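Those protein sequence lines, which keep their order, are chains G and C. Take the first sequence: its letters are residues 818 to 1037, numbered as in the working numbering. Take the second sequence: its letters are residues 818 to 1037, numbered as in the working numbering.
Treat the hints as calculated values from the structure; they're not laboratory data. Fair warning: this is a prediction, and the values are worked out from it, not measured in the lab. Note that CB positions come from ideal geometry on N, CA and C, so glycine has one too. Mixed in with the good hints, there may be bad ones.
Listed next, with one range per pair, are the computed distances between beta-carbon atoms [as the list claims (entries may be wrong)]: (1) G/1036 with C/896: 56 to 66 angstroms; (2) G/868 with C/868: 37 to 47 angstroms; (3) C/890 with G/972: 14 to 24 angstroms; (4) C/896 with G/873: 50 to 60 angstroms; (5) C/828 with G/832: 23 to 33 angstroms.
If you want a taste of the chain C side facing chain G, the calculated C-beta under 8 angstroms gives, among others [claimed, not checked]: (6) 963; (7) 966; (8) 969.
2 protein chains.
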Amino acid sequence: MQIDISRPILDKNERLAAENRAIFDAAGIFVLDLMASPGAGKTSTILATIAALRGRYSIAVIEGDIASSVDAEKIAAHGIPAVQINTGGACHLESDMIRRALSSLDLGTLDLLIIENVGNLVCPTEFYLGEHAKVMILSVPEGHDKPYKYPGIFQIAEAVILNKYDTIEVFDFDESEFRQVVSSLNPKAPVFPISATKGDSVELWAEWLAGRIEANKART
Amino acid sequence: MQIDISRPILDKNERLAAENRAIFDAAGIFVLDLMASPGAGKTSTILATIAALRGRYSIAVIEGDIASSVDAEKIAAHGIPAVQINTGGACHLESDMIRRALSSLDLGTLDLLIIENVGNLVCPTEFYLGEHAKVMILSVPEGHDKPYKYPGIFQIAEAVILNKYDTIEVFDFDESEFRQVVSSLNPKAPVFPISATKGDSVELWAEWLAGRIEANKART
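The following block holds chain G by itself, in its conformation from the complex (with noise of 0.2 angstroms):
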């Protein structure tokens, strides 16, 4: 019964989806969905990430939060474009929402838009944005066992970033059976320990990261 209700919501969010993924390659940009559980570290990898690209790539971000605007004045404060999204109370972005954050960047000079969804490994997976790519971030401190627990996000994501490594000392974290679950959910799905408030360990990230901008440069 669930299912049948929530039917047209999904319908209407892949339409506007689709309609999003027509303006970004329309206008050159690759268009990333950055999810992970709250505090995981989504706005520290994303300043590493600009810190690493911010020379070849113009970026912009749009941030998903239930409410407040930290985030976004975060990633402002190192000169990049950023929107605030506060979703209210929903705990995942929609495609309308995006549609709308979309008017406040000037897309023609962009190659990189991250989107960091809401803090949450479920939700944002169910929603397709019109982005080309969607990534997840899990950190040490959260445990090794949460690709058996939330499956889906791990399949669903094309690279899987291990953040807070620089703890994995701290913690009862078994990294070797963590990359086995994630191989056996996902197994194409590359796996990048990093520490971003350090800026360690950024840089097989940051160049897979580039190799997807420019295959989509290429193609589009």
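Could you slot chain C onto chain G? The hints should help.
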């Protein structure tokens, strides 16, 4: 529009929650709905709470997860009755799931039922399950800015457990700011810093919970 569509689901949930509450009160059980992000330490906190209170109270646990039964297995390994609910994809527990789980428990023998909700700071706040109190855990690695971003859960929680407190030196967590914002959102809610996996400082939280169990016993 979305509010209209979801209204029948919420109404049905509220009705079943009221029935659950009547069942709990008839059996004299205090029921706690424990909410937190993925990996904040819900299961570890439940284990620490069990260790503190099992001499005084008869306890059972209902574990909510999208998938897997790892949490229920961890609880059952300590000789405590544990029922695992797998929501499939839903980001929160609902009253009918609780009702079905109750059939696996010997309610007449229990003083305390702890419900571990799905890891999420948004969805579980909107669904009353029949519990006597909602309590939340924030873990230090998630950051002190979470009350700005997820005010709803901090407002509805009757107590806030600050877990992984032993790692506060590793992370840039401003405890004073955190307490100030929590207090502005929810002046009555106590904040309990604990380290669940080490068993540190669990006593104050356990005594608060014992006080609620006793008050409930006196009332029913």
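Consistency of the hints with the structure:
{"no.": "1", "hint": "G/1036 with C/896: 56 to 66 angstroms", "result": "holds, 59 angstroms"}
{"no.": "2", "hint": "G/868 with C/868: 37 to 47 angstroms", "result": "holds, 45 angstroms"}
{"no.": "3", "hint": "C/890 with G/972: 14 to 24 angstroms", "result": "holds, 23 angstroms"}
{"no.": "4", "hint": "C/896 with G/873: 50 to 60 angstroms", "result": "holds, 58 angstroms"}
{"no.": "5", "hint": "C/828 with G/832: 23 to 33 angstroms", "result": "holds, 29 angstroms"}
{"no.": "6", "hint": "963", "result": "holds, 6 angstroms"}
{"no.": "7", "hint": "966", "result": "holds, 5 angstroms"}
{"no.": "8", "hint": "969", "result": "holds, 7 angstroms"}
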